[in-house]
Structure formats: C-alpha cells, structure tokens
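So the chains spell out like this:
2 protein chains.
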Amino acid sequence: MKTFEDVVDLFRSHVSRKRVAVVCPDDESTVGAIRRCVDDKLAEIILVTSGRESRELDEFMAANSDKVRTVECTSVDDAARRGVALVREGNADVLMKGSINTDNLLRAVLDKECGLLQKGAVMSHLTAVDTPVYDRLIFFSDAAVIPRPTLEQFEAMIRYDVDICHKIGIAEPKVALIHFTEKVNSKFSHTLDYVELKSKAAAGEFGNAIVDGPMDVKTACDAHSGEMKGISSPVVGKADILIFPTLEASNTFYKTMSLFGRATMAGVICGTIAPVVVPSRADTADSKFYSLALACVAAG
Amino acid sequence: MKTFEDVVDLFRSHVSRKRVAVVCPDDESTVGAIRRCVDDKLAEIILVTSGRESRELDEFMAANSDKVRTVECTSVDDAARRGVALVREGNADVLMKGSINTDNLLRAVLDKECGLLQKGAVMSHLTAVDTPVYDRLIFFSDAAVIPRPTLEQFEAMIRYDVDICHKIGIAEPKVALIHFTEKVNSKFSHTLDYVELKSKAAAGEFGNAIVDGPMDVKTACDAHSGEMKGISSPVVGKADILIFPTLEASNTFYKTMSLFGRATMAGVICGTIAPVVVPSRADTADSKFYSLALACVAAG
Chain A
4 MKTFEDVVDL FRSHVSRKRV AVVCPDDEST VGAIRRCVDD KLAEIILVTS
54 GRESRELDEF MAANSDKVRT VECTSVDDAA RRGVALVREG NADVLMKGSI
104 NTDNLLRAVL DKECGLLQKG AVMSHLTAVD TPVYDRLIFF SDAAVIPRPT
154 LEQFEAMIRY DVDICHKIGI AEPKVALIHF TEKVNSKFSH TLDYVELKSK
204 AAAGEFGNAI VDGPMDVKTA CDAHSGEMKG ISSPVVGKAD ILIFPTLEAS
254 NTFYKTMSLF GRATMAGVIC GTIAPVVVPS RADTADSKFY SLALACVAAG
Chain B
4 MKTFEDVVDL FRSHVSRKRV AVVCPDDEST VGAIRRCVDD KLAEIILVTS
54 GRESRELDEF MAANSDKVRT VECTSVDDAA RRGVALVREG NADVLMKGSI
104 NTDNLLRAVL DKECGLLQKG AVMSHLTAVD TPVYDRLIFF SDAAVIPRPT
154 LEQFEAMIRY DVDICHKIGI AEPKVALIHF TEKVNSKFSH TLDYVELKSK
204 AAAGEFGNAI VDGPMDVKTA CDAHSGEMKG ISSPVVGKAD ILIFPTLEAS
254 NTFYKTMSLF GRATMAGVIC GTIAPVVVPS RADTADSKFY SLALACVAAG
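Chains as they are written, first to last, in the numbering used here: chain A, 4 to 303; chain B, 4 to 303.
Just so you know, the hints here were simulated from the structure itself, not pulled from any lab data. All values reported here derive from a predicted model rather than from experimental measurement. Glycine is no exception: its CB is placed at the ideal position from the N, C-alpha and C atoms. There's no promise every hint is true.
[Claimed, not checked] Where chain A lies over chain B, by a calculated footprint (3+ residues, C-beta under 8 angstroms):
| id | region |
| --- | --- |
| 1 | 77 to 90 |
| 2 | 132 to 142 |
| 3 | 223 to 234 |
| 4 | 259 to 267 |
[Said to hold, decoys possible] Dumping the calculated EDC-like pairs for lysine to aspartate or glutamate here, alpha-carbon to alpha-carbon at most 16 angstroms:
| id | chain 1 | residue 1 | chain 2 | residue 2 |
| --- | --- | --- | --- | --- |
| 5 | A | LYS44 | A | GLU8 |
| 6 | A | LYS201 | A | ASP138 |
| 7 | A | LYS232 | A | GLU185 |
| 8 | B | LYS241 | B | GLU175 |
| 9 | B | LYS201 | B | GLU230 |
| 10 | A | LYS232 | B | ASP106 |
| 11 | B | LYS186 | A | ASP106 |
| 12 | B | LYS186 | B | GLU199 |
| 13 | A | LYS186 | B | ASP106 |
| 14 | B | LYS115 | B | ASP138 |
| 15 | A | LYS201 | A | GLU185 |
| 16 | B | LYS232 | A | ASP106 |
[Stated by the list, open to error] Which chain A residues face chain B? A few, computed with CB under 8 angstroms, are given here:
| id | residue |
| --- | --- |
| 17 | THR134 |
| 18 | VAL136 |
| 19 | PRO248 |
| 20 | SER261 |
| 21 | ARG284 |
| 22 | THR287 |
Can you build the whole structure from these sequences, using the hints too?
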C-alpha cells in the first residue's frame with residue numbers, strides 16, 4: 004500500500020459497494036469525485052441536493068440519471084438533516100460534505116437527538132497522506148477535531164488508525180507517538196500518556212500493532228535519523244501511523260506535507276455511526292475522491 | 004534572497020569577515036563546512052581542538068596551517084570552556100559546535116559566571132529554510148530552546164527573526180503567527196498573545212515589519228489557500244517569518260520540511276553575547292556551512 008491508487012485498487016476488488024450520501028454536491032471538485040466513483044462503479048451515490056443551481060451538477064445528472072439516486076431538499080440545512088437521516092435509518096453507509104459549510108453539516112452530525120454520535124465513542128479525524136518521498140502511506144490523527152487529546156482520546160485515535168491499516172492489509176501497523184525528543188518528561192503530559200499507551204499496546208489492547216515513542220517525525224519516518232541517534236525500534240524509519248500531541252502540531256504536519264511535501268491528503272471522521280467525509284473547499288477532486296474511498300474502507 | 008547561496012553571495016560582498024571559534028572540529032561534516040569557509044575566505048576560523056584523533060582534521064590542518072588559528076585543549080569540556088572564553092574576551096564573533104555533544108557545549112554557554120548569557124536577554128533558536136517549493140527563504144522560531152513561549156519570549160523571537168531579515172536585505176519582513184485556524188480563542192492562550200504582538204507591531208515595536216495571525220502554515224505560505232478562505236492580508240502567501248506556538252509544532256515543521264519537503268535547514272542561537280551554532284550530528288556539511296554563514300550575518 005504505497006499510494007492512494009493502491010487503496011482504490013484494493014477497494015475495487017475486495018469491498019462491497021457502499022452507499023454514500025453526498026450533501027450539496029454542487030461544486031466542481033465534489034462532482035469530479037462523484038463522477039469517478041460512478042464511472043469506476045466504486046460506490047452507490049445518493050445526491051442530497053439543496054435546490055441551488057449548479058451547472059456542474061446538472062451536467063452530471065443529465066449524463067448519469069440512471070446511475071445515481073437523488074433526494075431533493077429545499078435548503079442547505081434541510082439537506083444536511085436529510086443526509087444524516089439517511090445514515091441513521093440505515094440507507095447510507097457514508098456521509099460526505101459537498102459545498103455546504105463544515106459547521107452547518109457538523110451541526111446536524113452532532114445533534115444529540117437526530118445526529119450520528121455514538122454513546123461513549125470518541126469522535127476523531129483521521130488523515131491519510133500519499134507522499135512521493137516515503138515508501139508507504141502515512142495515517143495520522145488528529146488534524147481537525149481534538150485539540151488536546153486525553154489518554155482516552157489518544158487510545159481511540161490509535162484504534163481508528165490501526166483499524167483502517169488492518170482493513171487495507173497492513174497486518175502489523177507501526178505507530179509513532181510524536182514529540183520533539185525521545186525523552187519522557189512530566190512537563191509535557193502527553194509523554195506520560197505515551198508511556199501508558201505503550202503498556203496498553205504491549206498488553207494487546209490495540210490488536211496486532213507496534214506502538215513506540217516519544218519520537219519526532221523524522222525519526223519516525225527516516226531510518227538514517229534513527230541510526231544517527233542510536234535509537235533502535237521496529238517503528239523508527241518505518242512508521243505507518245503518527246499520533247500527534249496537539250492540534251497545532253498535527254495541523255502543521257498536514258499543511259506542511261500538503262504544500263511543501265507535495266503530498267496528496269485524504270481524511271475521514273471516525274467514531275460516528277458511519278464515517279463522515281468533510282473535505283476543505285480547496286481540496287482537489289482527486290483528494291475528495293480518495294477521502295471518499297478511505298471512508299468506504301473505514302465503513303467496510 | 005531565494006536561496007542560501009544568495010545569502011552567501013551577499014555575505015561575501017558586504018560583511019566584514021567574522022572570527023568563528025569551532026569547538027571540537029573533528030567530524031567530516033564540520034570539517035567540510037570549515038573548508039568551504041576557508042576556501043571562499045568567508046570567515047576566520049579558530050579551531051578549538053580537544054586532543055582527540057581525527058583523520059579529517061589532520062588532513063585539513065596539513066593543507067591549511069597558514070590559514071587557520073588553533074587553540075589546543077586537553078579535553079572536550081576544556082575545549083567548550085575555551086571556545087566560550089574566546090567569545091567573552093572579544094577574540095571570536097561566533098561560537099560553533101563541532102563533534103561535541105550539544106548538552107556539553109550548552110553547559111559552558113549557560114554558565115552564569117563564565118558563559119554567554121546576556122542579562123535580561125531571551126535566548127532563542129532561529130532556523131532558516133531553503134525550500135524548492137517557495138519563492139523565498141523562510142525563517143522560523145523556536146525549534147530548539149523555548150518549549151512554551153511567553154509573550155516576552157514571542158517578542159524576542161520576532162525581533163531576532165526580523166533583525167536577520169533586515170540584515171540580508173528584506174526591508175519589510177512579513178511575520179505569520181502560526182495556529183491551526185484564523186480564530187482567536189482564549190482556550191489557546193498563544194492566540195491572545197498574538198493579538199498583543201500585532202498591536203506592538205502596529206506601534207512600531209519591531210521596526211519595519213508586518214505581523215499578522217493567527218493563521219496556519221499553508222495560509223502563510225500559499226496565496227491560493229488564503230484566497231479560498233477569503234483572507235486578505237499582506238502576510239498571506241508571502242510570509243518570510245513563521246512564529247510557532249509550541250516546540251511540538253515547530254519541531255514538526257522542522258522535521259517535515261527537512262525530510263518530506265527536501266529542504267535545506269540552517270540554524271543559530273540568538274540572544275547570547277555572540278551567535279552560537281549548534282547543528283545536529285546528522286546535518287550535512289552544506290547545512291553546517293549555511294548555519295555558520297547565517298550566524299556570521301547575525302553577528303554583523
């Protein structure tokens with residue numbers, strides 16, 4: 004599993020087709036992502052429209068009316084509620100954001116009565132990175148939802164990342180707990196959590212996975228750096244998963260990989276009744292398509 | 004000023020030659036950095052040796068005995084103290100770490116009686132990044148010394164970065180205060196500091212410089228991201244300087260740029276009596292040479 008296209012290939016051959024409800028599929032890149040899904044028969048698409056005009060959507064529907072279902076709504080907020088309801092009622096396996104504002108969609112997702120929250124579950128965002136520099140995909144958490152993870156939230160983050168790695172065939176994913184040094188220091192309380200997380204991993208709490216840290220991003224992903232530092236660990240230089248201590252650090256990784264690392268990013272929210280895809284408006288059609296594929300794998 | 008070589012060219016033409024004391028210049032990459040300095044007549048080198056055997060150093064000295072001064076010491080710790088003393092006594096303008104452990108050198112630098120601390124000054128690490136993706140050098144703080152900057156430390160960090168930009172000819176450097184969003188939120192106390200820092204900048208406290216934020220790394224360095232978000236600021240997409248809220252975030256930026264961004268990094272400690280260069284053992288000769296050049300500019 005070196006690239007997102009490998010994930011798509013796997014998905015095409017092994018996973019049953021999921022039903023994806025797309026809320027406000029009006030914009031060019033969302034329509035582009037949906038088009039590839041339909042052309043490649045990778046998922047069943049349910050268009051939850053808001054009544055807004057969209058040339059892209061009209062053209063797509065004219066050409067594919069026999070291949071997609073449409074649920075017509077009268078407003079953006081109505082579309083958000085209907086998309087969420089489709090998932091709650093068991094009529095969709097994945098929820099995806101189109102041109103609706105993220106806050107508006109999340110309001111419907113987080114609604115205590117009619118939303119997608121699961122009692123006792125931690126909601127967390129998982130990102131996958133396809134980078135030309137590394138020999139494998141990188142999965143990391145949490146660049147969107149949890150600013151200061153607690154021990155319980157760290158556990159959930161690891162579980163979601165490990166689960167998706169298992170589903171795409173990485174039998175024993177390697178998890179790096181990120182910090183700026185290898186030293187555990189009570190001044191940085193996440194490093195104390197890391198000690199706990201390693202114990203839990205050793206006790207088998209995350210299934211087949213190797214968890215190590217604290218270590219920095221370069222030590223996690225570059226064997227040479229580990230050698231220079233004299234650190235020996237099966238995770239060093241081979242991390243599949245990076246767990247970040249704060250949203251400031253994970254957002255920095257996300258934005259730096261995307262801009263300076265020329266990487267392609269895909270993301271999904273886990274811990275909800277079904278995976279939720281909330282791409283940025285600026286994301287390309289490819290990035291949105293890969294996020295959708297990732298969510299379908301997570302739902303599988 | 005797009006690349007480190009531009010800085011070296013400027014340095015060659017404009018700045019008087021500085022005297023650099025190099026503590027334990029035994030390893031290949033340190034000797035490589037010194038060799039280029041001597042060959043290009045960019046600085047006067049003072050080798051502060053520890054008595055350890057080194058083929059690289061012996062060969063270099065055999066070929067350049069007329070071009071460098073040597074201060075022979077009997078141990079690594081002795082060499083650290085002597086290097087620091089050379090700066091204190093006004094006989095060196097820059098201190099550079101060779102193959103000595105960083106902690107050992109810093110112990111001598113931080114010594115209250117005989118070290119390089121300045122009363123009331125904030126010691127902070129400044130990094131410069133030469134990246135193929137961006138149209139200018141990036142300067143950022145602090146990836147090594149200050150884990151959780153206070154308002155006073157943020158001020159010092161900005162001042163050091165702005166000062167070095169002015170010295171290399173960037174008349175009005177653009178400073179981005181990094182966070183994961185544009186929103187000021189009292190839950191994230193650095194965003195409150197950012198509001199103060201912008202007021203101080205507007206009052207002229209940092210001289211000729213534009214300070215804006217909070218914003219994320221991509222908004223700071225990519226005009227397109229700013230446009231998509233509808234943010235208009237002279238800093239967006241054109242940042243020369245990034246100020247990070249924590250060491251976890253800045254270290255993540257450093258390591259990600261270095262590994263995945265294929266960037267060249269240079270760094271220097273500011274706020275001491277003279278600039279101190281503390282490269283990592285894993286740094287290349289080029290990276291060490293650029294750090295040395297940066298320190299000579301900072302000392303100018």
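| request: Apply the coverage criterion to the region 223 to 234 of chain B and chain A: a residue qualifies when its Cβ sits closer than 8 angstroms to a Cβ of the chain, and three qualifying residues are needed. | output: Since 6 is at least three, the answer is holds.
| said: Hinted pair, alpha-carbon criterion (16 angstroms max): LYS186 of chain B, ASP106 of chain A. Please report holds or violated. | reply: Given pair LYS186 of chain B, ASP106 of chain A holds - Cα atoms ~14 angstroms apart, limit 16 angstroms.
| query | Keeping to a limit of 16 angstroms between CA atoms, is the pair of LYS232 of chain A and GLU185 of chain A held or broken? | reply | Given pair LYS232 of chain A, GLU185 of chain A holds - Cα atoms ~10 angstroms apart, limit 16 angstroms.
| field | Verdict on chain A covering the region 77 to 90 of chain B, criterion of 3 CB contacts below 8 angstroms | value | As far as the region 77 to 90 of chain B goes, the hint is violated, because 0 residues have Cβ atoms under 8 angstroms from chain A.
| said: Does GLU185 of chain A sit within 16 angstroms of LYS201 of chain A, going by the straight-line distance between their CA atoms? | reply: Answer holds: LYS201 of chain A to GLU185 of chain A is near 14 angstroms, not above 16 angstroms.
| said: Given a cut of 8 angstroms on the nearest C-beta pair, is the interface hint for THR134 of chain A held or broken against chain B? | reply: holds, 6 angstroms
| said: Next item in the hint list is PRO248 of chain A. Is there a CB on chain B closer than 8 angstroms to its CB? | reply: holds, 5 angstroms
| said: Just to be careful, I want the Cα atoms of LYS186 of chain B and GLU199 of chain B compared with a cutoff of 16 angstroms; is the pair within it? | reply: Roughly 14 angstroms separates the two Cα atoms, so the pair holds.
| request: Below or equal to 16 angstroms on CA atoms is what counts here, so check LYS241 of chain B against GLU175 of chain B. | output: holds, 11 angstroms
| Given the hint that LYS201 of chain B pairs with GLU230 of chain B, does the C-alpha gap stay at or below 16 angstroms? | violated, 22 angstroms
| query | Holds or violated: are the alpha carbons of LYS232 of chain B and ASP106 of chain A at most 16 angstroms from each other? | reply | holds, 14 angstroms
| field | ARG284 of chain A as an interface hint toward chain B, with CB separation required under 8 angstroms | value | Check passed: Cβ of ARG284 of chain A comes within 6 angstroms of chain B, closer than 8 angstroms.
Hints 1, 6, 9, 14 and 22, counting from the list given before, are not met by this structure.
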